[in-house]
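All chains, full assembly: derive it from the sequences and hints.
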Amino acid sequence: MRVGFWRSAGLIALRDLRVEIRSGEALTVVFPFAVVASWVAPLATNASPLLLRDLAAPVYWLITLLFGMMVVLRQTAVETRAQRRALALTGLDPAARFAGRSGASGLVLAAVAGTLVIPVIIFYDYRPPSGAWLMALVILLAAAGLAMLGTLAGDVTIGLRARTSLAPLLMAPLAVPLLMGAAQSLESLVAGKSIITWVLVLVIADLGLAAAGVMSARALEEISL
Amino acid sequence: MPIHSKRVSRPPDFQPVSSDLPLVDLVDVSVSLGGAPVLSKCRLTLDPGESLGVAGPNGAGKSTLLGVVATFITPTGGSGTVLGALLAGPRTPAVRSQIGWSGHLPALYPDLTLGENLALAARLTGHPVSRGRKVLTQVGLGAAAGIRAERCSNGMLRRADLARLLIGSPRLVLLDEPDAGLDQDAAAIIDHLITRTTRRDGAVLCVSHDAARLSGWVDRVVEMREGRIV
Amino acid sequence: MKKRLLAVLSGVALGVGLILAFTSPPDLLQGDFVRILYIHVPSAWLAFLAFGVTAAGSIGWLFTRRMSWDRAAEASAEIGVLFTAIALATGMIWGKPVWGTYWDWGDARLATTAMMFFVYLGYLALRRTTTDPRLRARRSSVLGAVAVVQVPLVYFSVKLWRTLHQGLTIRPDGIQMDGAMVAALMANLAAFTLLYATLLIYRTALARIEEAAASERAPARSPVTVPRLGEAEA
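Residue numbers (the numbering used here), protein chains in the order written: chain A, 1 to 225; chain B, 1001 to 1230; chain C, 2001 to 2234.
Treat the hints with care, as some may be off.
Claimed, not checked - Every beta carbon over 12 Å from chain A, so not counted as near; a handful from chain B, in silico:
(1) S1032
(2) R1091
(3) E1150
Unchecked claim - With a cut-off of at most 25 Å between alpha-carbon atoms, the simulated SDA-like pairs for lysine to any residue come out as follows:
(4) K1041(B) with K2096(C)
(5) K1041(B) with L225(A)
(6) K2096(C) with R2066(C)
(7) K1041(B) with S2215(C)
(8) K1041(B) with I223(A)
(9) K1041(B) with P2133(C)
(10) K1041(B) with P1110(B)
(11) K193(A) with R2217(C)
(12) K2002(C) with E2211(C)
(13) K1041(B) with R2136(C)
(14) K193(A) with A2212(C)
(15) K1041(B) with E222(A)
(16) K1134(B) with L140(A)
(17) K1134(B) with L14(A)
(18) K1041(B) with E2211(C)
(19) K1041(B) with S2157(C)
(20) K1041(B) with V2158(C)
(21) K1041(B) with A2213(C)
(22) K193(A) with W2105(C)
(23) K193(A) with L140(A)
(24) K1134(B) with R7(A)
(25) K1041(B) with D2132(C)
(26) K1134(B) with E222(A)
(27) K1041(B) with E2216(C)
(28) K1041(B) with R2065(C)
(29) K2096(C) with E2211(C)
(30) K1134(B) with R18(A)
(31) K1041(B) with P2026(C)
(32) K193(A) with R2065(C)
(33) K1041(B) with R2134(C)
Simulated from the structure, these hints should not be mistaken for lab results.
We put the beta carbon where it would ideally sit given N, CA and C, even for glycine.
This is the structure:
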């Protein structure tokens, strides 16, 4: 009685989302922390309103990257060894586990990143460009990539005591294409130019990460058992 | 203990096990961690319908042995098959789905209720959600289905973890100190699990530090000391 | 014996390379600054080669589970990180007089090289966290195999950027070269490659010794014994 790939991935994603709704680590802890960070940055620079408006977009993406890592690597989403073993013995395809976990993290991350736009508008007097749905698409693509990258980094460092610092170290430099694609899309949107090239960069990065996650899933499962 | 050298050289792909072949067949299996031997040259055969206990002091390598049989730990030496699949080969999900395992820490998600935990295990193995509720009732936790795992006592968690193994009917059941934290009533669950498995031509491997307790559950008990089966 | 011969050979080759680097003609525009090229380019090449070998070692380990593959991957990554650092440092030193700044944020290759450097620093950090050689190999082989995508990214970054950004300024690597300069560069590339082979062989040998020493230190018996509670009080 084997369960199909997408169905088992969906079950894993539902489990992670349910745990997140109960524990609220991402939405009630990481998100407020991110808002505080976006509020502290102008304080520290003592910047003029004009400069602040220029800073808004880069600060937004930086905070999304840093706090996105905290969302994906959140402690409540870490499975214990016993849980991982029991999961493996259900006959779960490791690639489906990767898909489910990244999917859930991606949704949570997109929610956090999407809501973060509000404090940036308030504190930086930022005027978002027209084309809100294009911006939502960019945030969604970046969130998906960050979620997959974080799931991979979290799995590589599973069970290590230095995990909380090591996983972000592995993740941050590899997130550069995502960050660039997202930031440049937004910039092109503001300038009224076509954003297709940069959206393509995001899509290619996402596809590459998905391929890496699926192909390494079995080897990574071995580490975790 | 018979050594089936022919079987060891079979291709690594999964083959369904016919009823007369052993479910577990370890030949001189060794495991070392950081250069230190944890298991050395262990031989073990488990035939269909058989239940075996492994007793030994702390640090004897009992849990590692269980981990090897469960396909969690790759041996550093020796060879063997579990449910027809080579230990050194890729662990196909098809083999793993026929193994039931309960370790000394319960595999439950603290943020989910007992009912949700068992429902997830049921749905992932292709059973209806109602199956999860049924096995909870079987282990005497029918009224506790709505309680989050983090608020449950250790004994309740152990019961719920054993209930996981009752969802399907695994051919191979592996138990690590299964009675730790269980009361007398609950210990009957282990009895039930073992007879249920062996009656269906499955096999049970159970490890514990308490040889006397083990002999009450299984057909035969072997002893382990310093990584060896003696 | 072979190891020592290789070491001597690479020493001689480096000497020849150095002489050629100092006797080659100065550049029309850059003058003597161009001589950094003879360290900078071979270092970058070595980094690519080293990370390629790390990926090959990682993939080799994943397929064969032979520890020698993993040792080669580790040794090569260490050498790669060292030479990436040298390439970055020499690039910055070169950049100051030629471009007027140490760090040019508009330069794609500089940015991607730094990114590659950080990723492999992370790879080495990951290796340090696990002491058991097999577990360490399992963990790092996945990263070692995935991280190599950085190499083509760095290499083609100059081209890739052009399709996105219009009008990249001309970089020193694009300048036409004199025959003697090409010869000096080739000699140094060969010398650095020899140096890489030497370092790789010595470092893998060292890793083998380290592993053997670690397994000797490991207790041969179970560390848990029967408690002797009566003795302590006596």
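**Pair hint outcome, K193(A) versus R2065(C) [Cα-Cα no greater than 25 Å]** = Measuring from Cα to Cα gives roughly 51 Å; hence the hint is violated.
**Asked** Would the pair K1041(B) and K2096(C) pass a check requiring their Cα atoms to be no farther apart than 25 Å?
**Response** Given that 25 Å is the threshold and the Cα spacing comes to 64 Å, the pair is violated.
**Request:** Take the C-alpha atoms of K1041(B) and L225(A), compute the straight-line distance between them, and say whether it is at most 25 Å.
**Result:** Between K1041(B) and L225(A) the Cα gap is close to 22 Å, so the pair holds against 25 Å.
**Prompt:** When you check the alpha-carbon spacing of K1041(B) and E222(A), does it fall within 25 Å?
**Reply:** 23 Å, holds
**Message:** Hint check: K1134(B) vs R18(A), CA-CA at most 25 Å. Holds or violated?
**Reply:** 22 Å, holds
**Message:** If we take the beta carbon of S1032(B), is the closest beta carbon in chain A still more than 12 Å away?
**Reply:** 17 Å, holds
**Message:** Checking a non-interface call: every C-beta of chain A should be farther than 12 Å from the C-beta of E1150(B). Is that right?
**Reply:** Non-interface label fails for E1150(B): nearest chain A Cβ at 10 Å, not farther than 12 Å.
**Message:** Check the hint pairing K2096(C) with R2066(C) against an upper bound of 25 Å on the C-alpha distance.
**Reply:** 46 Å, violated
**Prompt:** Are the Cα positions of K2096(C) and E2211(C) separated by 25 Å at most?
**Reply:** 44 Å, violated
**Asked** Within a Cα-Cα threshold of 25 Å, do K1041(B) and R2065(C) meet the stated pairing?
**Response** 20 Å, holds
**Message:** With the threshold set at 25 Å, check whether the alpha-carbon distance from K2002(C) to E2211(C) stays at or below it.
**Reply:** Distance ~22 Å between K2002(C) and E2211(C) Cα, so the pair holds.
**Prompt:** Are K1041(B) and P2026(C) close enough, with their CA atoms no more than 25 Å apart?
**Reply:** At roughly 69 Å apart (the allowed maximum being 25 Å), P2026(C) and K1041(B) break the hint.
In this structure, the earlier hints numbered 2, 3, 4, 6, 10, 11, 14, 16, 19, 20, 26, 29, 31 and 32 are contradicted, and the remaining ones agree with it.
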